[in-house]
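J.: Each chain, letter by letter, is given below.
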Amino acid sequence: MVLVLGGISLIASAGVGYVYKITEEPIALAAEANTRAALAEVLPPFDSTQASQLVLDEIPVVVHTAITSDGQVVGYAVETATRKGFSGEFRLMVGFLPDGKVQRVRVLQHAETPGLGSKMTEDGNPLETSVVGRNPSEMNLAVTKDGGEVDALTAATITSRAYVDAVARAFNAIMTGTPAAIKTGDEPIDTSTGASSQNAGKEAENE
Amino acid sequence: MNKLQIVLSGIVRNNPTFVLMLGMCPTLGTTTSAINGAGMGAATMAVLILSNAVISLVKNIIPSKVRIPAYIVIIAAFVTVVELCMRAYLPDLYRTLGVFIPLIVVNCIILGRAEGFAAKNGVLASALDGVGIGLGFTLSLTVIGAVREAFGSGSVFGQIFISGDGMLIFVLAPGAFLVLGYLMVLFNKLTAKMKS
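For the protein sequence lines, the chains are A and B, in the order given.
For the first sequence, my numbering assigns the number 207 to the last residue and increments by one with no breaks.
For the second sequence, my numbering assigns the number 196 to the last residue and increments by one with no breaks.
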């Protein structure tokens with residue numbers, strides 16, 4: 001009895017181990033391809049990236065610095081996360097230009113309600129258009145319900161607040177992780193990428 | 001029972017969702033869209049065929065006292081294999097189904113068929129039972145997903161035919177129960193008609 005169960009467990013674990021071995025590489029490749037696709041979407045054209053990891057509020061954040069072949073920094077992409085989502089943690093990739101303006105935001109992984117919070121993954125949703133083309137330090141980064149300038153998703157205020165939380169964390173990550181370029185703000189902006197300017201000249205101080 | 005009958009019985013007479021009423025948790029949880037339902041059904045079917053075949057193969061050497069733990073070990077191994085393969089080769093589908101894939105281990109359809117069919121029948125018949133029940137489960141989940149997606153998001157398999165918000169309740173949890181209930185009525189009506 002013990003022998004049979006032990007034998008079955010042994011064979012099963014050997015089989016699982018074998019499959020793990022052969023899928024290990026494709027899984028790593030798939031994860032890498034996913035990151036690379038997200039980087040290409042949220043950043044202006046670049047040649048290589050340098051990743052640095054840091055932890056903000058106990059949440060791991062990865063800052064990818066995008067560099068062209070002549071050594072110029074063209075942007076920063078931050079893998080950020082929030083635990084304030086309606087259905088737990090979700091992860092975003094936020095692309096910043098060297099002057100700190102948001103280039104694009106992409107949702108990497110989420111479990112928000114389909115049809116409500118999940119709208120944050122769609123192109124041109126109010127959350128993304130509210131922050132794209134603007135520097136988070138020069139705007140009131142909060143949803144309109146909380147007196148900020150970010151238009152929330154209809155019927156998904158919790159998701160919207162969490163989204164803002166993640167974007168703010170991304171911005172803080174480049175402020176602490178890669179200070180020089182952002183703070184001075186005199187790095188050239190790559191205009192060829194057509195970063196849309198949603199900024200209607202509104203100015204408000206962040207709290 | 002011939003081989004075709006075994007497969008067909010899993011789709012209609014022993015349909016796991018509408019007749020046996022097994023595996024309700026993934027049925028209600030993953031069918032927010034047609035493609036999610038189909039993906040969940042396909043993953044379950046793969047595990048079901050493999051576990052049914054292997055359990056039928058080793059049924060004579062397993063003492064009946066430890067048969068349930070032995071079945072669970074076999075099923076869990078196959079679920080892990082399917083999960084690893086999905087992560088490697090279908091990462092997008094894996095991201096949407098997420099936690100429901102490991103939960104196939106405790107899907108009662110699989111243990112139910114192991115105990116109720118594979119433990120009493122030959123390897124080929126058991127594998128075919130896995131195909132039939134798996135197809136029945138996949139088709140049911142796809143239909144539920146398609147209906148919920150159509151009413152809730154105005155699209156089927158991601159093809160939008162009405163733009164706008166849709167009736168969100170169908171995508172949320174209550175919609176799963178509503179659609180399941182009405183489809184069950186429809187299914188029973190149709191099968192009753194076929195019998196008479």
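What the hints contain is simulated information worked out from the structure, not anything from laboratory work.
One should not assume that every hint holds.
Claimed, not checked - Stretch-level coverage of chain B by chain A, calculated; a stretch enters the list once three of its residues show a Cβ under 8 Å from a Cβ in chain A:
1. 53 to 62
2. 89 to 99
3. 105 to 113
Stated by the list, open to error - Residues from chain B shown here face chain A by an in silico Cβ test under 10 Å; the list is partial:
4. T32
5. C85
6. F187
Note that beta-carbon positions come from the ideal geometry of N, C-alpha and C, so glycine has one too.
J.: Evaluate each hint against the coordinates.
T.: A quick look at each hint next to the structure:
Against chain A, the region 53 to 62 of chain B contributes 3 residues with a C-beta closer than 8 Å to a partner C-beta. That satisfies the three-residue criterion, and the hint holds. Restraint check on the region 89 to 99 of chain B versus chain A: 4 residues with Cβ-Cβ distances below 8 Å, three needed, restraint holds. For the region 105 to 113 of chain B, the proposed coverage by chain A is not satisfied: 0 residues have a C-beta within less than 8 Å of a C-beta in that chain, short of the threshold of three. For T32/B, the interface hint holds, the least distance from its beta-carbon to any beta-carbon of chain A being 5 Å, beneath 10 Å.
A distance limit of 10 Å between C-beta atoms decides the matter here; for C85/B the minimum to chain A is near 6 Å, and the interface restraint holds. Taking 10 Å as the C-beta cut-off, the interface hint given for F187/B is violated, the closest approach to chain A being about 25 Å.
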